[in-house]
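Given chain A, work out where chain B should sit, using these hints.
Number of protein chains: 2
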Amino acid sequence: MLVVQKYGGTSVGTLERIHACAKRCLDTSRQGHGLVVVVSAMSGETNRLISLSNRLISQVHGDQTTQSDEGKGPYVVSGRVGHRPHQRELDQLVSTGEKVSASLLAIAIQELGGKAISLVGHQLGMMTDGSFTNARITTIDRERLHRELDAGHIVVCAGFQGLDREGNITTLGRGGSDTSAVALAAALQADACEILTDVDGVYTTDPRIEPRAQKLPHLTYEEMIELSSLGAKVLQIRSVEIAMKHRVPVHVRSSLHTGEGTWIVSEQPQQSGRAINLQTPIVRGVALDRNEAKITVTNVADIPGSIATIFGKLANDGVVVDMIIQNASRNGSTDVTFTVPEQDLDRSIEGLQALDLISSTSELISDRAICKISIVGVGMRTHAGVAAKAFELLGRDNINIQMVSTSEIKVSVVVHERYGELAVRALHEGFGLHQSAGEQQAAS
Amino acid sequence: MLVVQKYGGTSVGTLERIHACAKRCLDTSRQGHGLVVVVSAMSGETNRLISLSNRLISQVHGDQTTQSDEGKGPYVVSGRVGHRPHQRELDQLVSTGEKVSASLLAIAIQELGGKAISLVGHQLGMMTDGSFTNARITTIDRERLHRELDAGHIVVCAGFQGLDREGNITTLGRGGSDTSAVALAAALQADACEILTDVDGVYTTDPRIEPRAQKLPHLTYEEMIELSSLGAKVLQIRSVEIAMKHRVPVHVRSSLHTGEGTWIVSEQPQQSGRAINLQTPIVRGVALDRNEAKITVTNVADIPGSIATIFGKLANDGVVVDMIIQNASRNGSTDVTFTVPEQDLDRSIEGLQALDLISSTSELISDRAICKISIVGVGMRTHAGVAAKAFELLGRDNINIQMVSTSEIKVSVVVHERYGELAVRALHEGFGLHQSAGEQQAAS
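Protein sequences, first through last, are from chains A and B. Sequential numbering from 235 applies to the first sequence in our numbering. Sequential numbering from 235 applies to the second sequence in our numbering.
In isolation and in its complexed conformation, chain A is listed as follows (with noise of 0.2 Å):
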């Protein structure tokens, strides 16, 4: 068996947690696997190297403001945009996080008397596309890894970042360290690829907002990427959708404990080789993202290619639009509104005021007051109603609905920040998801 093994942040975060972290590395490879583990930045350690080049750049600007406009609520941005360093010096800075958990990792699993050799950007060929902060990985020097597992060797791998054809280093964004791993699992055809993380598992949802949260034994490529992208941090969703291309059981499990964890795997059971019941309930989780902001651009011109303006004005600018509700046109013209992740959306809003098309009758209204609450599970294909399902019970608890949105396998709904929780935990005993696997066959 070969298998990869990522550790996230928290379960470098300290010395001790590397030494365990050394140890169950020693325990997987003695038992006969080849391992290939890579690791995330020293919990704090990224943040620690993105403010000293923040600042840095107050100290050369003699600025003491400091982004401290969290307050919310709708209002009109008027657009400053912070300095922002030079992306590439950026990746270069804070790519040394993983390098320094990769050596202290190996040194650990050494000095347990394994063998472990630490491979950073270019020794590893990780290679991506040259756009930093945010790079996707292209290919992978297989052969330097084989040379280094032939050789008995625990391969201790920076997670997060990569090298592009220049040779500048680029990181995958946060979260790049699943990437990391789930694309080396890719291309080593490893049997597993272990998300190592502080948490047991999925949840069906945050067991902080609804402590009656159920553990998911597995979920489907798709459901998490659902989840992913809905506020279920457990997993970058690039790395989802490598695994889902190349087949890469993904098993998400805690760094404290050998239990099992989640499965992610194929809807197919039986092709990935493992005896898993899909039979699954209907909704298999529900997600809340706080950190998405609305947008609203008023009368905008009803005509052809007004719209196309906006979202490739705001796709150029690198900005991921989720939601989009076009109002209906009213005397030649109407209103569009959208979501945007939160810290996107000071410089959307710029990039939209620089555009002829928003014009002095036009308006950008911006909202950050908001959350979206989706329900996701493969099992919706195939039942109706449960979109209507879930807006009578947000209904039941006068929980006002601001946009819709629907999937094959998901329905999400933005609501007033302020009834978040309420909508999540509405939603939860709505569906029976506090009940075991077994309870909800019974129950539906």
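Since the hints were derived computationally from the structure, they do not count as laboratory data. Incorrect hints may have been included.
Each pair may be met inside one copy or between any two copies, as identical chains are not told apart.
Claimed, not checked - Okay, derived cross-link-like pairs now, SDA-like style, lysine to any residue, Cα gap no bigger than 25 Å in a straight line:
| id | residue 1 | residue 2 |
| --- | --- | --- |
| 1 | Lys-479 | Pro-451 |
| 2 | Lys-349 | His-295 |
| 3 | Lys-257 | Ile-284 |
| 4 | Lys-547 | Gly-585 |
| 5 | Lys-547 | Asn-368 |
| 6 | Lys-349 | Thr-367 |
| 7 | Lys-479 | Asp-363 |
| 8 | Lys-467 | Gly-654 |
For chain B alone, kept in the frame of chain A given last:
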């Protein structure tokens, strides 16, 4: 003009200092110079990383002992060597410190409106041999540097590190950023290599010991090599060797102001194109080295090869032996005394104990409570009696000399560490070094 500037750890030790370095880089660049910058890790960072590794190793071994055995005095070593991490991993680990500084300095220059790019090992093409923790530079990829310089960039390089032929990260030893800078200056045939540091230049002796110490306006490479090897921690000795070999004019100066520091040039000022008066006094400087320890091997069989075995073993273990004294033979055996760097004492003893040669009749006696004082000056070549005068000056203060070593331009003596500072002051005054250069000329 093409200039290489090196900023040491203190000079980039805080964000304020990095800001100041960035301004200085821009000033240099705006004077029309091409500029390559080499940076050390922020002061304390390398030690922090090494400490992480050491603490991790203690953690793994449940080892609460630290190297608290710093007590000095002659003692027979029982020989316990601490756990040492795999040096490859240690180099991967500590090399991150300079990468952080390089990115931050590039960011600061950019924020000030300049063009800058940071380059790390694989981007810089800084190749070394495979001696982890103490590698030597072999080749540098000039093409990339010229490309960036031609593009108008200030090129900020991570010092102290390179890559071996397998792509492993190597480091160049403490002070290795000096060597990075001089090697880059040599490769690019730069007009000057400026070492920007927290002192104003090279002094006749350590001003903390002798407040009347004078800043030297210039020194020859050979004098600087002797002073470096003798504890004047201004420059890594290897950097001066490279400078001498490639005739790189080195300017040691303060990073806090733009006053002239000390030029280190060849003996032939007309060849270096600088009008420097090298009518030097006999002695140029007095150095104190507290970091040596003395080992005596008693009763070594006085037959061919015994001595070679001892020093061959130490060389194989990578211990640099400095002074060696062999006493006259008694009864077919002899005592050999030599000095090694204090931090290598324990493993030197341990290595020697493994030799068959060190039989039951031999004893290893070590003494940390020594120091070495040296006087250096190219003028000594043509002046007899410098050593005799030095002995006389020390004798006048009742300082007992334990070992003596002389070269063409240097006299070194080992004395009890208690007398180190006294000896420095006696020699500094006795050779008239507290006078300015003009006064010295008149006095001689």
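So, going through the hints one by one against the coordinates:
| no. | hint | in the structure |
| --- | --- | --- |
| 1 | Lys-479 to Pro-451 | within (21 Å within a copy, 68 Å between copies) |
| 2 | Lys-349 to His-295 | between (48 Å within a copy, 17 Å between copies) |
| 3 | Lys-257 to Ile-284 | between (31 Å within a copy, 22 Å between copies) |
| 4 | Lys-547 to Gly-585 | within (7 Å within a copy, 69 Å between copies) |
| 5 | Lys-547 to Asn-368 | within (19 Å within a copy, 52 Å between copies) |
| 6 | Lys-349 to Thr-367 | between (32 Å within a copy, 20 Å between copies) |
| 7 | Lys-479 to Asp-363 | within (19 Å within a copy, 42 Å between copies) |
| 8 | Lys-467 to Gly-654 | within (17 Å within a copy, 62 Å between copies) |
Violated hints are absent here; each numbered hint is respected by the structure.
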